[in-house]
Structures are given as C-alpha cells and as structure tokens.
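Q: Each chain, written out:
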Amino acid sequence: MEFWKEDFYSLKFAEKKRDDTIIINIGPQHPATHGVLRVLAELYGEYIVRSECVLGYLHRMQEKMGEIKTYPQFYPNTGRLDYGHALAWNWAYVGAIEKLVGIEVPEKAEYIRVITTELNRIASHLLWWGVYILDLGAFTPVMYAFEDREILLDILQRITGSRLTYAYFRFGGVFQDIDSKFIEDTKKFCKRMHSRLNLYHEFVTENIIFKKRVEDVGIFTKDTITKYGATGPVARGSGIKYDVRKAEPYGVYDRFKFKIPVEDKCDCLARYMVRMKELEQSLSIVEQAIEGLPEGDFKNKKTPKMIKPPAGEVYFSVESARGKVGIYIVSDGGMNPYRVKLRSPTYSNLSLLDEVSKGMMLADYVATLGSLDLVIPEIDK
Amino acid sequence: MATITKEIKEILKGIKSLFVGMKITGKYMIKPKVTVNYPWKTVGKEALEGFRMVIQLVPVPANGKSHKCIACGMCARSCPSNCIKLDVKQTVEEIELPDGKKKKKVNKNLEGFYVDFSLCSVCGLCVEVCPTKTLTFSNYPYIVGTTRNDFVYNILEDFNKRYGKE
Numbered sequence: 556m557e558f559w560k561e562d563f564y565s566l567k568f569a570e571k572k573r574d575d576t577i578i579i580n581i582g583p584q585h586p587a588t589h590g591v592l593r594v595l596a597e598l599y600g601e602y603i604v605r606s607e608c609v610l611g612y613l614h615r616m617q618e619k620m621g622e623i624k625t626y627p628q629f630y631p632n633t634g635r636l637d638y639g640h641a642l643a644w645n646w647a648y649v650g651a652i653e654k655l656v657g658i659e660v661p662e663k664a665e666y667i668r669v670i671t672t673e674l675n676r677i678a679s680h681l682l683w684w685g686v687y688i689l690d691l692g693a694f695t696p697v698m699y700a701f702e703d704r705e706i707l708l709d710i711l712q713r714i715t716g717s718r719l720t721y722a723y724f725r726f727g728g729v730f731q732d733i734d735s736k737f738i739e740d741t742k743k744f745c746k747r748m749h750s751r752l753n754l755y756h757e758f759v760t761e762n763i764i765f766k767k768r769v770e771d772v773g774i775f776t777k778d779t780i781t782k783y784g785a786t787g788p789v790a791r792g793s794g795i796k797y798d799v800r801k802a803e804p805y806g807v808y809d810r811f812k813f814k815i816p817v818e819d820k821c822d823c824l825a826r827y828m829v830r831m832k833e834l835e836q837s838l839s840i841v842e843q844a845i846e847g848l849p850e851g852d853f854k855n856k857k858t859p860k861m862i863k864p865p866a867g868e869v870y871f872s873v874e875s876a877r878g879k880v881g882i883y884i885v886s887d888g889g890m891n892p893y894r895v896k897l898r899s900p901t902y903s904n905l906s907l908l909d910e911v912s913k914g915m916m917l918a919d920y921v922a923t924l925g926s927l928d929l930v931i932p933e934i935d936k
Numbered sequence: 231m232a233t234i235t236k237e238i239k240e241i242l243k244g245i246k247s248l249f250v251g252m253k254i255t256g257k258y259m260i261k262p263k264v265t266v267n268y269p270w271k272t273v274g275k276e277a278l279e280g281f282r283m284v285i286q287l288v289p290v291p292a293n294g295k296s297h298k299c300i301a302c303g304m305c306a307r308s309c310p311s312n313c314i315k316l317d318v319k320q321t322v323e324e325i326e327l328p329d330g331k332k333k334k335k336v337n338k339n340l341e342g343f344y345v346d347f348s349l350c351s352v353c354g355l356c357v358e359v360c361p362t363k364t365l366t367f368s369n370y371p372y373i374v375g376t377t378r379n380d381f382v383y384n385i386l387e388d389f390n391k392r393y394g395k396e
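Respectively, the protein sequence lines represent chains G and Y.
Each residue of the first sequence is one higher than the one before, starting from 556 at the first, in the numbering used here.
Each residue of the second sequence is one higher than the one before, starting from 231 at the first, in the numbering used here.
The shape of chain Y in the complex, shown without the other chains (with noise of 0.2 Å):
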C-alpha cells in the first residue's frame, strides 16, 4: 500500500512539474524581448565599446591631424599570421654634421599600411609592440565583403580620409 501512495506522489510530483515549466514559459511570453531586431536596429556604440576590430592609427593629441608611425615594421614581424604588409619608401640623403663630417641619413616614409583582416586574429600583438603606441583596436562590426580583397585595408588611407590629411 505505501509502495502505491508514493507512486502516485511521484506520478503527481511529474504532472506538477510540467506545469511549472509552463508557468515560466508563459511569464516570459510577456515579458520584454531581450534580442535586437539585428539588420534595422543595431546594439549602441556602448556595447561594443573594447570590441577588438581592424587596427588603426591613432593621431598625435596635439595637433589630431599626424601619427607617429615611423615604418619601423616591428608590427609586421611580431604579427602571427603575417597580415600587415607596408610600403615603406626609402631614401637616402647627405646631411653635414655640425663639426664637417658627412653622415647618411635614411628617411623612411610610410605610403600605405595594408592589413588583410581575413588573416588577422586579433590579438593585440601589433598593437603591443608598437613603440610609439601609434596602433589602436578599432570597433565597427559591421564589415561586410563580396572578395577576398575586399578586407585588406589600407589604414594609413583610412587615417588620411578621416583626419583630413592630403
């Protein structure tokens, strides 16, 4: 006979629980939508604040209009997936020292900054490494692409549109 009554405890213990289940279901149902209704409406620029993207140059404080990227490539040589090329011009030119000695002096002038993103994983090394911590994470998701190249940027470009430079 206890054998029975506990059956049924158990059989009516199940039943309940199902219900529970449709209690929570049902409070929900009414309760606001967590999601955003993703390609008309979009999370706000807070939630992707530290999101890491395609690297950018970062502009000197003082005048936010140069960056202090001197081609030295160590980015390009600490990068795991080699996806930082540069172009880096070089010339060489005689300049007199102060006391008559000749001396050689290399400028390096950087004339594009390629990043292939499809390579890139994001992991801060470049942006680590740079001496003159000109490099920064940017944060704009939305990237989209027919081909391949469509996802090499050529930042330095990038830098010049967006800070008015020629």
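For reference, chain G alone in the conformation it holds in the complex (with noise of 0.2 Å):
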C-alpha cells in the first residue's frame, strides 16, 4: 500500500518524490520520538534526502483555554504543557500576570521558585540524559538516570504535591511553604549528586560507543540557529551564548553566581556537555540559594483575590530546560485575559531540523532528535 497517497501531508510531501527513493513515516508512534511527532522522511539507501515534520497530533488548545479560563483558573495548564520542567512555565505565567497589575513577590517565595525550578530542571536533565542514551541504544544509563530523579520527585512531591504536571507557583508567591525537611533532603540530594555526575561521565561520556554516535553528527551552524530561533541548550552547544538568566535576569537570579556553559563544536556531543555541565551549575545555584534563604512569608498577603489586570499588554520570559519559554497576554480589563500566546522553544528548536537533516544517515537523524529535547506536548501545545 502506498501510504503517501493516504493524507494531506504525505500527497503534498510526495509531489516531489523522486524515482529512487522510498518514502517513510518515522512515528507518530515511535520510541524515538518521545511522544507523537510524526517525520515524513525520504531515504535514498540509508541517507535521508529531505524530511518533513508533521506537527499536531497532540494538539489541546492551550491558548485558547487561556481566554475562556479567569487568570487563576489557568494554572494547572501552565504545569502540562511541558512535562520536564513544568515549574518554568509556572513561572512564565505567573511572572507575566504579576508584571501587568504589579504584584510584589516576598523575597522568600523568589529564593523557593528559584530553588524548586532548578531541581525540576536538575530533573528534566536527568531524564533527557537517560532517555537520550536509550535512543542511542544503551538502556541502563536511564535506570541510573531515573535512580537519581525520583529522589529528586519525592522532594518536590511534598511541597508542589505532584511528581510530573506542578500547578505550584501563584500570583504573589508559592502555594505552601518549604519546610527543615525539604531543606535537608535537597542538601543531601545535592552532595550525592555530585558524585552521581562523576560517574555518569566514567559511565557515558567517555564511552567509546557513544562518542563514535554523537561526535560530529548533527552540526547546526550559528546561521541556522539565529534564522529559527532556537534557544536553550542547542543553541548554546553552537556557541550562542544566550541564557534568559543573565540577559534578562528574572527573579532573584541576579544574586547568584553561575555560568552560562558554551560549547563550539555545533554537534551532538556539544549539546550533550552543554547539558552535562548546566547540571553542575543548577546544583551550585540550588546549594547557594539553600544558603541564603532569607525569612519571611511565603505568599504575598496583599495579592488580591479576585486578580483583575488593568487593559494592556505584557510579555514575560524565563529560561527552562529546553529554552526561552515566553509568554506574552493581552487584557481588555476583564476576568479573563483576551488573548494567551505561549512562546515554547522546541518549536523553534525542531523546526531547523528539516533543513539540517539533508544528506543524513537515518541513525544519525535519531540522533540529532534526541539531542534537541524535544517535548512534544509543548510543541503541539
């Protein structure tokens, strides 16, 4: 059966099919698409000579639900629309809300958002570490990997009270304050996890196998990145030194030292080690911002209840695992915001993905997906 003549996609897509190639779907159900995109690839032999991402399968309305929902009503979709680090997202919603009618956050409640978003990033990473390795054809680094992380899950549980989808930022502040034993474990989680990475590099990283599958195998140039927009880690494993935390310092994020980790080589393995040391570098803001924590309330009392923003508009960004994460809302003056545009950067991150897999080997091209991170609820939104 020839499948491409089936939908809009594929017969579009098959226009230009050439005599000597075959035309193949890799997914929407596929293992190696973390979710239900779906790549419309032409091969020649084993090499891809075009491919076509086919977005949509999981789409929900997420925008649109923003505009029929009132403002606090559109919290736990924030925590769904990116299941690795959800908190970012939170963040992004409630930081655009708090910048139009101007609500003061205590200092205490910026040092737990800063805190709970860069373990859920610490998260995120460990999964993508594992899973990352899985598609390269190795299965046990992600039982180290998810070792790791449901330690990490058991902290956030008692406090944010979920594992994957948060709904635990509000208007103000957080929804209930961190406790002595929330404290401990994250310290003890942080000195294990140091020698957690050592090993993880011994494990993979040095692994004669994985270094032959990602050294110089997907190369995004500088132009390619700055012509779609990607951010994050890939572009960062390219040489762009960009990080929403430094450039526009959100939070309290300007109080901690850290670095912006920048790897030159554009391949695989440079958004592998961009990952690896962004690791590092989360856990020493999460040690600095245990360190600091001031005292005070974990809510702002004087938010009000019924939160009702002057006309206008507001755009409000932060960095999560996979990106810039914006959002930008427009508000005629009424209970519900007139319109909701999320900015999520695997979007933009996949999309130079059909340019950049020309001429590619297939296993390659699995390669360089997984390299991206890509989410895909996020995505589809």
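Everything labelled a hint here was simulated from the structure, so no lab data went into it.
Incorrect hints may have been included.
[Stated by the list, open to error] A few chain G positions that, by computed beta-carbon distances, are all more than 10 Å from chain Y: (1) 602; (2) 663; (3) 761; (4) 764; (5) 801; (6) 811; (7) 855; (8) 889; (9) 902.
[As the list claims (entries may be wrong)] To give an idea of the chain G side of the interface with chain Y (calculated C-beta under 10 Å), a few residues: (10) 591; (11) 716; (12) 717; (13) 762; (14) 765; (15) 859.
Cβ coordinates follow ideal geometry from the N, Cα and C atoms, glycine included.
Make one complex out of these two single chains by using the hints.
A: Now the structure itself:
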C-alpha cells in the first residue's frame, strides 16, 4: 500500500518524490520521537534526502483555553505544557500576570521559586540524559538517571503536591511554605549528585560507542540557529551565549554566581556537554539559594483575590531546560485574558531539523532528534 | 609513525571505556534494590506526605466531629474544570428580632459534596479559596475503578463515615 497517497501532508510531500527513493514515516508512534511526532522522510538507501515534521497530534488548544478561563484557573494548564520542566512554565505565567498587575513577591518566595525551578531543571536534564542514551541504543543508563530523578521527585512532591505536572506557583508567591525536611533532603541530594555526575561521565561520556554515535553528527551552524530562533542548550551548543537568566534576569537570579556553559563544536556531543555542565551549575545555584534563604512570608498577603488586570499587554520570559519560554498576555480589563500566546522553545528548536537533516544517515537523524530534547506536548500546545 | 601510535592509544582507551561500563554495572548488580515490588509492597506513609489526591473536609479541632463548611460554593466556582458539585438544601425561616421586626433567615444545609476526580487536576484553587479553611488534600493514591462514576466521590459521606456522624 502506498500510504503517501492517503493524507494531505504525505500527498504534498510526495509531489517531489524521486523515482529512486522511498518515503517512510518515522512516528507518530515511535519510541525515538518521545511522544506523537510524525516525521516524513524520503530515503535514498540509508540517507535522508529530505524530511518534514508533521505536528498537531497532541494539540489541546491551550492558548484558547487561556481565553475562556479566569486568570487563576489557567494555573494547571501551565503545568501540563512541558512535563519535563513544568515549573518554568508556571513561573512564566505567574511572572507575566505579576508584571501586568504589579504584584510584589516576597523575597522568600523568590528564593523558593529559584530552588524548586532549578531542582526541576535537574530532573528534566536527568530525564533527557537517560532517554537520549536509550535512543542511542543503551538501556542501562536510563535506570541510573531515574534512580536520581525519583529522589528529586520525592523531594518536590512533598512541597508541590505532584510529581510531574506542577501547579505550585501563585500570583505573589507559592502555594505552601518549604520546611526543614525539604531543605535537608535537598542538601543531601546536592551532595549525592556531585559524585553521581562523575559516575555519569565515567559511564557514558567517555564510552567509545557513545562518542562514535554523537561526535560530528547533526551540525547546527550559528546561522541556522539564529535563522530559526533556537534557544537553550541547542543554541549554546553552537557557541551562542544566550541564557534568559543572564540576559534578562528575572526573580532573584542576578544574586547568584553561575556560568553559562557554551560549546563551539555545534554537534550532538556539544549539546550533550552543555546539558551536563548545566546540571552542575543548577546544583550550585540550589546550594547558594539554600544558604541565603531569607525569613519571611511565602506569599504576598496583599494579593487581590480577584485578579483583574488593567487593559494592556505584557510579555514575560524565563529560561526553561529547553530554551526560552515566553508568555504574551493581552488583557482588556475583564475577568479573562483577551489573548494568551505561548512561545515554546522546542517548536523553534525542532523547525531547524528539516533543513539540517538533508544528506544525513537515518541513525544519525535519530541521534540528532534526541539531542534536541523534544517535548511534544509543548510543541503542539 | 606518530599517528599510528596515537590511533592505537585511542583504540585501547576505547576498549578500556567498555570495561569501565561493565565494572559499574557489575557493582550495581550486588547493591540492594531501590525499587518496590508494587502490588505486594507499597512505599511507606512518609513517602506520600504532601501528595495531592481528592480533596477532603477537615474536622473542627475542638470536637473532631463536625466540619465548618458553610456551603457558600466558592470552591465550585473557582474550579477550572467544574468538577465540584454541591447539594445544598435551602430553607427560609422567619425570625423575630429583639425590636419586634421580622427578618428572613436563609439556612443552607449541606447534603452532599461531590467531586469528580476524573476531571480534577489537583491545582489547589478550591483549597486556597475556602473562606473557612475546611478543605485539604487527602493523599491516598491507590484508587481503582471500572466505571467513570467510581471516581465521583461524595466527600461529605466519607467525612461522616470517618468521624462517626450519622
């Protein structure tokens, strides 16, 4: 059966089909696509002539849902956009409304936000690390990553109430205060994680098979990155030093000392190394934040119960584990937002793949796809 | 010559890296298990602390038998997915004020507090908005059911069962 004569995307894709090639579907249900991403690829032997990503299998109208709900009712949606780093989306939404209404956030709440978001970033990178190696064909490392990640999720669960889809941040603070057990556990985890990272490097980074799979594979030049607006570790792996936490500091990020890891190699290994170094930086931020944790309220008590921002618009962006998360909100002065625009980093990161994949081996394509750290619910929204 | 020795060194380093991986895996083989054999064993109560499940009514600390719900319906209105339904019986009675005037008094009696957990996204807005602080999250996660209606809880009935009120 020639499946490419069935639907709109494949029909359009097959128009330019050469006689000596075949068209295959990668996905929508394929373990290497981390969700329901469908890739149409035209193959000549084992080389990809051209490819096209088909999106929309997980579209849930998150932006439209924002328009029909009141401002606080959109909290749970922000937790469900990016299951890897949900707290970054929480922060982006909460920060946007705080900026628009002018709600002050107590210092302690800012610190709690930094601690939980960075812990969540570590959890996200650990998930990526394990699953990326799984994509490349090694099964064991994902178990090591999940062992650490489970400890982290237990720590976050006590405070935030969920393990994956958080709805923890509130306008003017957070849902509940952190306690001494949380701080102790976090300190213990940071200590443990430093030695675990050495084990990861010994176990995977120096492994010859891993190196051969990722070195000089999936080269994203600086031009491609800037053309498609890719951010996060993908951009930093190509030598672009851009991190929202440093470029436009939000919260209390300007008080901490941390570096932005940048690699110039532009290949999959560079993006891998950026993320591994980011884990160290996040651990150092968490340690600094816990040391300097001030006393005070965890939520601004003067926050109005009925959020009714003045007419106007606001844009707020934060750095998630995958890149720049931005939320643009237009208010007409009513109970619901007039428009909610969500800028998801992985959407931009994925769009450069069609251009880059020309002439690539199929196995390298999977390695490159994994190195983008895709989260499909965030792309489709 | 130099390139050949360099390459041989690379190959040897590569082969060594394979054995390092085997060594780590071997070490882990004799370490104790970190997972729990779930249906037969479950994690302790400590591990579930703070986990959010279906909301529940809190007893008044003074007597431990009654709750403070005034059936105002704030929780139902704040819910993003409309999963809370209150069954409220309203009775109007006329009372006489000390100065002789008559006034209508509305009594709200809570007869059922239904939560459809299959729609709930445990965001906590109902808990935050409650004026008498009568709602909290329970943390019992092992819930099963064969139909959708199994996840519609009457938390008032549960409260009465637990705290012994007819």
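Q: Determine for every hint whether it applies to the structure shown.
A: For each hint, the structure was consulted:
no., hint, in the structure
1, 602, "holds, 26 Å"
2, 663, "holds, 18 Å"
3, 761, "violated, 5 Å"
4, 764, "violated, 7 Å"
5, 801, "holds, 32 Å"
6, 811, "holds, 26 Å"
7, 855, "holds, 13 Å"
8, 889, "holds, 16 Å"
9, 902, "holds, 24 Å"
10, 591, "violated, 21 Å"
11, 716, "holds, 4 Å"
12, 717, "holds, 6 Å"
13, 762, "holds, 5 Å"
14, 765, "holds, 9 Å"
15, 859, "violated, 13 Å"
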